[in-house]
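Counted from 1, the sequence shown has number 56 at position 57 by numbering that gives the first Met the number 0; the numbering is strictly sequential.
If you're looking for bench data, these hints aren't it; they were derived computationally from the structure. Even for Gly, the Cβ is constructed at its ideal location relative to N, Cα and C. Some hints here could point you the wrong way.
[Unchecked claim] Pairwise CB distance ranges (calculated): (1) I15 - D44: 25 to 33 Å; (2) M24 - M60: 13 to 21 Å; (3) M60 - R34: 15 to 23 Å; (4) D21 - G47: 27 to 35 Å; (5) L48 - L17: 29 to 37 Å; (6) R56 - V10: 14 to 22 Å; (7) M60 - D21: 27 to 35 Å; (8) K53 - E12: 13 to 21 Å; (9) G47 - R9: 27 to 35 Å; (10) Y58 - E12: 16 to 24 Å; (11) M0 - F28: 14 to 22 Å; (12) L17 - M60: 30 to 38 Å.
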Amino acid sequence: MLAMINEAARVLEEGIALRPLDIDMVKVFGYGFPRWRGGPMHFADETGLDEILKLLRDYAMTDISSGIRRRC
0 MLAMINEAAR
10 VLEEGIALRP
20 LDIDMVKVFG
30 YGFPRWRGGP
40 MHFADETGLD
50 EILKLLRDYA
60 MTDISSGIRR
70 RC
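When you get a sec, could you build the whole thing from the sequences and use the hints?
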């Protein structure tokens, strides 16, 4: 879920999607994300963006030497 939220934030930053709702709609109707969860951006908003950022940073530091993940 964190990887999906992180990538969605990049999509917004790059202007590929205009609003978080656009991403949630694609995930729900295009990829079969469970409707009752509202999409990854809704989940991030409900969880709290500060908490999501903390979790992303913790995750990024777990194995930064692999070079696979970019820092958030």
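Each hint tested on the structure:
1. I15 - D44: 25 to 33 Å: 19 Å, violated
2. M24 - M60: 13 to 21 Å: 32 Å, violated
3. M60 - R34: 15 to 23 Å: Because 33 Å falls outside the window, the suggested range is violated.
4. D21 - G47: 27 to 35 Å: 21 Å, violated
5. L48 - L17: 29 to 37 Å: 18 Å, violated
6. R56 - V10: 14 to 22 Å: 20 Å, holds
7. M60 - D21: 27 to 35 Å: About 30 Å separates the Cβ atoms of M60 and D21, which means 27 to 35 Å holds.
8. K53 - E12: 13 to 21 Å: 19 Å, holds
9. G47 - R9: 27 to 35 Å: 20 Å, violated
10. Y58 - E12: 16 to 24 Å: 19 Å, holds
11. M0 - F28: 14 to 22 Å: This hint holds: roughly 18 Å between Cβ atoms.
12. L17 - M60: 30 to 38 Å: Because 32 Å falls inside the window, the suggested range holds.
When held up to the earlier numbered hints, the structure conflicts with 1, 2, 3, 4, 5 and 9 and fits the remainder.
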